[in-house]
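Number of protein chains: 2
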Amino acid sequence: MDRIYVTYAFVGENPAAIADVIRVEQTIEFPYELAPSWIQEEVVGKIEEISSQDKTNHLITISYNPDVAGGELNQLLNVLWGNVSLFPGVKMVDLKLPAQLLQRFVGPRFGIGGLRKLFNAPTRPLVATALKPMGSDAKTLAEVARTLALAGFDLIKDDHSLANQPWATWKDRVTLISQAVNEANATTGGSSVYAPSLNLPFDQISDAAHTAKELGAGALLVIPGITGFDSLRKIASDNSIALPVLGHPAMLGSLVISKDEGISHGIALGTFMRLAGADISIFPNIGGRFSFTSAQCLEIADRSRANLGKLNPIMVAPAGGMTLERIPEMIEMYGKDAALLIGGALSRGHLADNAARMCEMVRAY
Amino acid sequence: MDRIYVTYAFVGENPAAIADVIRVEQTIEFPYELAPSWIQEEVVGKIEEISSQDKTNHLITISYNPDVAGGELNQLLNVLWGNVSLFPGVKMVDLKLPAQLLQRFVGPRFGIGGLRKLFNAPTRPLVATALKPMGSDAKTLAEVARTLALAGFDLIKDDHSLANQPWATWKDRVTLISQAVNEANATTGGSSVYAPSLNLPFDQISDAAHTAKELGAGALLVIPGITGFDSLRKIASDNSIALPVLGHPAMLGSLVISKDEGISHGIALGTFMRLAGADISIFPNIGGRFSFTSAQCLEIADRSRANLGKLNPIMVAPAGGMTLERIPEMIEMYGKDAALLIGGALSRGHLADNAARMCEMVRAY
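Taken in order, these protein sequences are the chains called A and B.
Going by the working numbering, the final residue of the first sequence carries number 1175, and the count climbs one at a time with no gaps.
Going by the working numbering, the final residue of the second sequence carries number 1175, and the count climbs one at a time with no gaps.
For reference, chain A alone in the conformation it holds in the complex:
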C-alpha cells in the first residue's frame, strides 16, 4: 500500500456520484474534465470500492496520492476531511496511511512503554486525576495537588477548563502546583507529575510549554479540538520540551457525535491523537456524564494500540464522571494499558482517603 485509503460511510442515494464528487473536492476542487490528464491520473483521488448495505447505506473507499498531503498533518487533515466535512450524510469510518507518509510523523514520544518507565509502573494501569474546581485560587489547587501526589497519583492534570481566569492565572497556578507536586515527590520518593493545560492563545502555547517545564511540570495537556491537532504535534515533537502529552477531547465532540456525519470515534480520538503525538488520549467513558457506547470507546482503544507504522501505541484515559467503584470494570474493559482518570468523585468525603484508596485499588493490579 503506497496510497492513503479512506472509507466514508454515506447515507443517501447514488453513492457513485458522491464518490466522484469527494475524490475531486478533496484534491483539485476543479472541473475534472478540464484538468490536465496527468493531474486527473496522479492528483485526483481514486474510487477504490463502493459497497451498499441497502438503498441508502453505502461504504465508499477512496485512495489519495500521499503527495497531496505534502507530509504535513494540517494538510493531511484537510485532504481527509476539509471540505467533505460540509457534506451531509458522509462520515469517515476507516483510514489507512502508507508507511511513506507515516515516516513523516514522530508520533508519541513516550507511548505506553515510555510512560511505564517514567512512572515505574511496569504492568499496572496509571492513576490519574484532574485539579478542580475552577474558581479555586492557585494555592488551594496546589494543596489539592500536594495531597494527590502524596497519595501516589501518577498524573495530576489541570481540569481542561482551567486557562487564565482571574481566580488563578496560568503562571501562578503552574508555579505553585508544580512546586507542591515536586515537594511531595521529594517526601515520598515517588514520581507524580503535574500536567498543566496549554489551552492558551496561539502565540503563547509553545513558550508556555517551555515555561511549564522550567517551573517543574512533568507533562502537558493539549486540547486539539481548540488549538489544532498540529499544536499537539509541535509540543509533543519538540526535543527541548520532551514531556508526555495528554490529548483532551473538548470540542472534538462535534467531529464524532453525529450518527451520519463526522469522523469515527477511533479515528478522531485514537488515530489523530496518536499521529499528532499524544501519549494519552482522554475520552468520556461509558456510564459517566457522556454518551459514548462501549463499541465507540473500544474503537478508540483499538486505534490507540493497533499498528500505525512505527508510531508508539498510546494509553487511553477513559474519564468523565468515573468513580472508585468502577475501577475493576474499567480495567476489565480496557486492560492495564490505561490511565484511569477520576476527578470530582475523589472530593466526595475525605480527599486524602479517597486518593489513597484509588492508588491502592489500581496498584493491586
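Not one of these hints is a red herring.
Within a straight-line C-alpha distance of at most 27 angstroms, the following computed DSSO-like cross-link-like pairs (lysine-lysine) qualify:
#	chain 1	residue 1	chain 2	residue 2
1	A	K1069	A	K906
2	B	K1069	A	K865
3	B	K1069	B	K856
4	A	K1069	B	K865
5	B	K949	B	K981
6	A	K856	A	K1069
7	B	K1069	A	K1069
Residues from chain B that face chain A, not an exhaustive set, calculated with beta carbons under 10 angstroms:
#	residue
8	G880
9	L883
10	M944
These aren't lab readings, by the way, just hints derived from the structure by calculation.
This structure is a prediction, so every number in the text was calculated from the model and none was measured.
Note that the Cβ used here is the ideal one computed from N, Cα and C, for glycine as well.
Mind docking chain B on chain A? Use the hints.
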C-alpha cells in the same frame, strides 16, 4: 447585559436536567453540591430560561460569568462548546457576548469599510477567485493569477487545498504568484491582491504570514477548522502583518452539518470568524456543490454584519461551485457587501474572457 448568554437547542426529554448538567460541565466540572457556595454563585453558569416547543424540542439559555473565559478566545470557545460538544442532541443556536468581553477582541482589522477602501470599491461587491488545480506548478499558477489580476479581480486566493505539495511548494508558489499579481497591478494601475493559504504547520504559520507579506502577498487565507480560530486571531491582529484575512470553512463543516448537534451556521461561520478577526468569511452558497440552505447562508450574513460590540462588520464570500450566471442572484441574496467567489467555472472556455466578463458584471452594480 454583563454576562455571556448562550442558547442551546436540546432534542430529548427533561431539559431542566440537561441544563443543570451543562452549566456545571462548562465551568467547574465538579459535583455542584461540593463546591464552595461562592463558586456555585459566581463561577457556575446560571439557567436563565427553558422553553419547550414540544415534548422533545427545547431551548435552554444559560448565562456565564465572562471571567470564566479569561478574555481569551480559546477559553471562550471552551466555555461555549468544549465538553458540551460531546453531548448528543445539543446545538448552540444563539450567543450574546457582553461588551466587557468583546472589548478584549480586536476583531476584523479591515471589515467591510476597510476592504472597500483597499480595493477602491465604494459600493460594489468584490470580485474574488481561487487558484487551481492542485498539481499545477508554481509558474503555471502564477500565470493564471496574472491573467486574473489583469482582468481586474480584487482577490485572488490560493485554493484552500494548496499547502506544501511537491508540485508547487509554498515558498515558490507565494513568490511567483505575488510577483505576477504585482506586475499586473503595475500594468493596469489596479489593486488586485493575492491571498496565500496559511494551512501550514503550527510553528510555521506566523513566520509564513510575515514572509508572505514580504514577498508581496496582499491578503492571507486561514483555515480555522484546522489551525484553530486563535491562529486566525493572531494573524489578523498582528500589527506588523496588517493584511486582510479570509477565513475558510474547511473542517468547520463538522461544527454545523448535523441537524441536532454542533453550532448554528451563523455563530460558527459568522460570529466566530469575526471574533477571531476574519475580514471575509467564505462559505458554500446554496445551489453549488454543497447543501447549506438559504436560511443558513443568510444567518451567516446576518451575524457577519450585525452589531457585535465595536467589532467591524465583515464581508461574506458565498462560494463552492458558483458560475457567472448566478452573479445577479447572489447580489440579490447577499447585497453588495459580498465578495463573489467563482473558481473553477472561470476555466470553462477562455479564462481571460470569463475573468473580464465577471469583472464587468460585478462592476456594473
